[in-house]
Amino acid sequence: MSFPNPLARVFRPPPTPGVLAVFGHLDAAVDAVIALKRGGHQGFTVYSPLPRHELEHALDQPVSPVRMFTLIGGIAGCSIGAWVSLYMSYDWPVQVGGKTIGSIPPYVVIMFEMTVLFGALTTLLGIGFNVLLAATHRGTIAYDPRFSNDKFGIFVPVAAAQSGPVETLLKGCGADEVRRA
Amino acid sequence: MTPTTAPERTTSRVTYDVVTRTIARTLGNPGRGYYLLLGTAVGLFAFGVICLLYLLRYGLGMAGYSMPTYWAIYITCFVFWVGIAHSGTLISAILFLFRSGWRTAVYRVAEIMTVFAVMTAGLFPLIHIGRQWFFYWLVPYPNERGLWPNFKSPLVWDEFAIGTYFTVSTCFLIMGLIPDIAAVRDVATGWRRKLYTLTAIGWRGTNEQWRHYRPAYLYLAALATPLVLSVHSVVSWDFAMAQVPAWHETLFAPYFVAGAIYSGCAMVITLLVPLRKLFRLEQLVTVHHFENLAKLCLLTGMIVCYAYSIENFVAWYGGPTPERQAFWYRAFGRFWWGGWTMNICNAFLPWLLWFKRVRTNITALFVIAFFVNLGMWMERFVIIAVHLAGEPFAPFVRAGYNATWADWGIMAGSFGWFFMWFLLFVKNFPSVSVAEVKEELPPPRRAAGKHA
Numbered sequence: 004m005s006f007p008n009p010l011a012r013v014f015r016p017p018p019t020p021g022v023l024a025v026f027g028h029l030d031a032a033v034d035a036v037i038a039l040k041r042g043g044h045q046g047f048t049v050y051s052p053l054p055r056h057e058l059e060h061a062l063d064q065p066v067s068p069v070r071m072f073t074l075i076g077g078i079a080g081c082s083i084g085a086w087v088s089l090y091m092s093y094d095w096p097v098q099v100g101g102k103t104i105g106s107i108p109p110y111v112v113i114m115f116e117m118t119v120l121f122g123a124l125t126t127l128l129g130i131g132f133n134v135l136l137a138a139t140h141r142g143t144i145a146y147d148p149r150f151s152n153d154k155f156g157i158f159v160p161v162a163a164a165q166s167g168p169v170e171t172l173l174k175g176c177g178a179d180e181v182r183r184a
Numbered sequence: 109m110t111p112t113t114a115p116e117r118t119t120s121r122v123t124y125d126v127v128t129r130t131i132a133r134t135l136g137n138p139g140r141g142y143y144l145l146l147g148t149a150v151g152l153f154a155f156g157v158i159c160l161l162y163l164l165r166y167g168l169g170m171a172g173y174s175m176p177t178y179w180a181i182y183i184t185c186f187v188f189w190v191g192i193a194h195s196g197t198l199i200s201a202i203l204f205l206f207r208s209g210w211r212t213a214v215y216r217v218a219e220i221m222t223v224f225a226v227m228t229a230g231l232f233p234l235i236h237i238g239r240q241w242f243f244y245w246l247v248p249y250p251n252e253r254g255l256w257p258n259f260k261s262p263l264v265w266d267e268f269a270i271g272t273y274f275t276v277s278t279c280f281l282i283m284g285l286i287p288d289i290a291a292v293r294d295v296a297t298g299w300r301r302k303l304y305t306l307t308a309i310g311w312r313g314t315n316e317q318w319r320h321y322r323p324a325y326l327y328l329a330a331l332a333t334p335l336v337l338s339v340h341s342v343v344s345w346d347f348a349m350a351q352v353p354a355w356h357e358t359l360f361a362p363y364f365v366a367g368a369i370y371s372g373c374a375m376v377i378t379l380l381v382p383l384r385k386l387f388r389l390e391q392l393v394t395v396h397h398f399e400n401l402a403k404l405c406l407l408t409g410m411i412v413c414y415a416y417s418i419e420n421f422v423a424w425y426g427g428p429t430p431e432r433q434a435f436w437y438r439a440f441g442r443f444w445w446g447g448w449t450m451n452i453c454n455a456f457l458p459w460l461l462w463f464k465r466v467r468t469n470i471t472a473l474f475v476i477a478f479f480v481n482l483g484m485w486m487e488r489f490v491i492i493a494v495h496l497a498g499e500p501f502a503p504f505v506r507a508g509y510n511a512t513w514a515d516w517g518i519m520a521g522s523f524g525w526f527f528m529w530f531l532l533f534v535k536n537f538p539s540v541s542v543a544e545v546k547e548e549l550p551p552p553r554r555a556a557g558k559h560a
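Chains as they are written, first to last, in our numbering: chain A, 4 to 184; chain B, 109 to 560.
Treat the hints with caution; some may be incorrect.
[As the list claims (entries may be wrong)] Coverage of chain B stretches by chain A, computed from C-beta distances (three or more under 8 Å per stretch; other residues unrestricted):
{"no.": "1", "stretch": "123 to 133"}
{"no.": "2", "stretch": "333 to 339"}
{"no.": "3", "stretch": "479 to 485"}
In short, the hints are calculated from the structure, not lab data. Beta carbons are placed, not taken as given, at the ideal position from N, Cα and C, and that holds for glycine.
So that you can see chain B by itself, here it is in the shape it has in the complex (with noise of 0.2 Å):
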């Protein structure tokens, strides 16, 4: 049983009825902020779909690719994306183990976006193929030539990796939706009753039922924690297992992994600002949870600050002039403005969270973690795209590389993709956990009066 919080830091005055009906108005009319919000990603969402298929019509020659930068935009938002990603079963699976009583109102949130962040990463490297009819060769089957894939290729752990991660992080998010939606069933009519009766699987919340239900979360809980840190670690390898000068390092995993959780968490601070202004969710989503989630940006910040710091030490004190030169070109040569924004935006950005007062400022958060989510992308396109168009083999091989209008589209399209499905969601199923919101207030009993 998870720890209960001071009564002033989850909310005050709120009882098991307040909760219920707070969660269940947010599937209600949500006002025109919502609507606007939701067209704005359904048309980037459009534009992305025509320009995906500009690319399937003319090939992947639209995509700008040029000698040696063949990963560039497409592998970069798949980074992106997967470390969005990582942060929403952190907060639901590690905070879990480790009770951390204020995840309750804020890891719904986390993992619905964990999981829609996912989906959107599965996308690119079908995108990235180019030829997206034959992705299933991806695929360990039989087939008539024998060929199977290659396990000791950082490519086929990663599809193994994150086909994982997707189906651990979808059967969480199920197995945490459960009890909820029993309860907004019981609360409400029509054609959203008949929904919710089908989806909430006959839950009652009966003793026999909590007694597997309890468990079950657990072990899934267990389960996901090592994934979390293995599934950005073997994202890492994807370069880190390559011979390019400025990924070759196994500082990569570590590296990775943090400034995924980081990422991720200015994404939850990001969706969350809006979500809970749209929905009036003041009362279970207060300062004090902000205010945790900008301590995880504070920390994983600052591990991202020290692999920055460490990986140009290591490039200068080391020596190899490759590795040098791939530094010098980041911070000096003709993408500086790349390696600048990620560095003043990842590394020294977080440095404000020190202070109290722009920790529990939420419009300050909201600002930092949109940098945050800036300098994050930049950061892989920095990684990806910058570092092999610097490659300093050969001179025939300095073509550079030049982003096409295709391919911003298709990243603009990632994120209507995202923010329509995350939009439906919230809209439609309980974006706050009922039941583990409920579990962090005092229980009514009789002899303190009720909810005392």
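Bound conformation, chain A alone (with noise of 0.2 Å):
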């Protein structure tokens, strides 16, 4: 006798129904994206060993918002360095040679360290949230060890009744190989 898992669903889930391509050449996936894009399809996924401009064009995706964190966590890092060397300054304030007791200059060198620290750590951050989090549905669909090494992919979900046209369209294009998942 089994008993219910309620986690199962989010620790295990079922694998997406759907169509996996494989493509031996750049421009033969390159083609099955746009094809795609045309018959309407949409949440599709490409593989690819390496970034290409060319199947980005293709892709025509949105600007990635890693950016923002970058952005952020540099403006954060720099307010921090500023508000760290500056109270600190005046909490304990020892007069050396006569020098101002909170002095800009050298703590320019506190702001510029702490604002490339944390915008790199919010990069990283941003790369966690945007890549990682997306991975774990990610992992229902099907994939190829050769997608890392030599060869380009597309993953189309669609259900197994309707995935003819699909395998059509992608043979058309020059898949070499063509299978349900």
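Reassemble the complex: the two chains are provided individually, in unrelated frames, and hints are given to aid placement.
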């Protein structure tokens, strides 16, 4: 007798039904992306062992929001650097050589380093949010180990009953292999 | 997208599959030569640990310090290793922004070198402070006496600069590694497959992943570029802000940055020559890459040569007696051998790199790079220990400086520590970028045939 496990759907989601195509040539994969978009298909995934501008142009995806993470991190770092150095100087004021207690020029170094540090860390955070969290559901779609080596791939989520036209389209564009997943 | 280099420059008849297989092969059994090098590195490290324990037991009196030379081998090693770390981010970030395609085959080695060199450098201030267990006093944290660090001190700037540099370099290395780990994951078996599955953190090369990855890498490169220039400038201000003859120079920041990149490029050549042989990477790392590294060495070597000339000239032309005496002591004092070693290795030797025959001869480059490393270590020793030992203020401080076997042992141990981590890393993770080397190859197209 098996007990119901409500968390299974979260941690082991069922595979997404669809069609997986393997391409040996970049231009064939680009043609397939254009044909799929023309055919009104959305939510398909393109696999590539390296970033290629031909694919980026064909997909025409929106600009990544990672840049906002970098900008916010950089501004936060600069502010924290200024605050830390100025606050700590005035909290323990020691006058040396008649210099100002809170002197901006030497603190620019701290502000700069903190800008870079926080900017870099929030960029990583941006990648984490945008890529890794998305990867949890992406684990349910089919993948082929050759996609990290020398093949390009396209996965089109489609119910088994409607997969025929998609398979024909992908084969027509020059896919080396097309299979249901 | 980086422009494609001519095929004969990168490799001939190399396909995406060859790139993956060649780099995945480096994770297999590397042969006896590798283990011999690793054993030597571990041995040196173990000796360094023994010396450090000796120092811990008997205190800094065992470090050979004598008035006024309280900064010597440990600070020399610190500056040397920070300098070594510089070319890594230069090659991976600055050359990325300049779209220099040749960097793809060598930047991973440079980045690995950077991370472990900063790690090694970070040990020395801790060793130098004597009571290592109080290292956390450097960090600004609320304490019962309400004390805060002095943010006007270059030593505090340095702590922030090195901490930031280590963090950002590590982020950069990890970012670049993720797609490559995924590539070797898909051809690995056994425990390695499990390790790479874990460390690839779900990378599959989907359009969504590349969409975020590409700009993030660009922003990290843009952040790291001014960082490269700032870190060694900040290190140079540790000296330039002090009122010590031959230290108090406005020239120090560009002089140190150029010297750091110079020594870093030389270390990349020193590491890459045996690595290429051990891992049979001749197809991916070609003479063209070594020639470009040699050109970087030549450029920065010329700047260093100019800096040496100008600081000697200014000491003579400027006229202050202590400054003149300091430079006289450097050339003809007790440590004349140090001054001349740095001049010959750093200022004269790079002139050989003007000749293409030398730049394209890997054995010659390896020998030159070795001497540049030696010269750059000696430069830091001369700037730090020799100028302190020769401070011409009062006769009573003329005690000089005599390094002890513990000093030399800890220095040797730092080389062992660095090479040990480096060798372990390159054996277990891709030492050449899989994805970026592929970017340099023409993609397979139907029209022109495979990889035409």
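Outcome of the hint check:
Here's how the stretch 123 to 133 of chain B fares: 4 of its residues keep a CB closer than 8 Å to some CB of chain A, so the rule of at least three is met and the hint holds. For the stretch 333 to 339 of chain B, the assignment as covered by chain A holds, since 3 residues bring a beta-carbon within under 8 Å of that chain's beta-carbons and 3 suffice. With 0 residues having a Cβ less than 8 Å from any Cβ of chain A, the stretch 479 to 485 of chain B misses the three-residue criterion, and the hint is violated.
When each numbered hint is compared with the structure, a violation occurs for hint 3 only.
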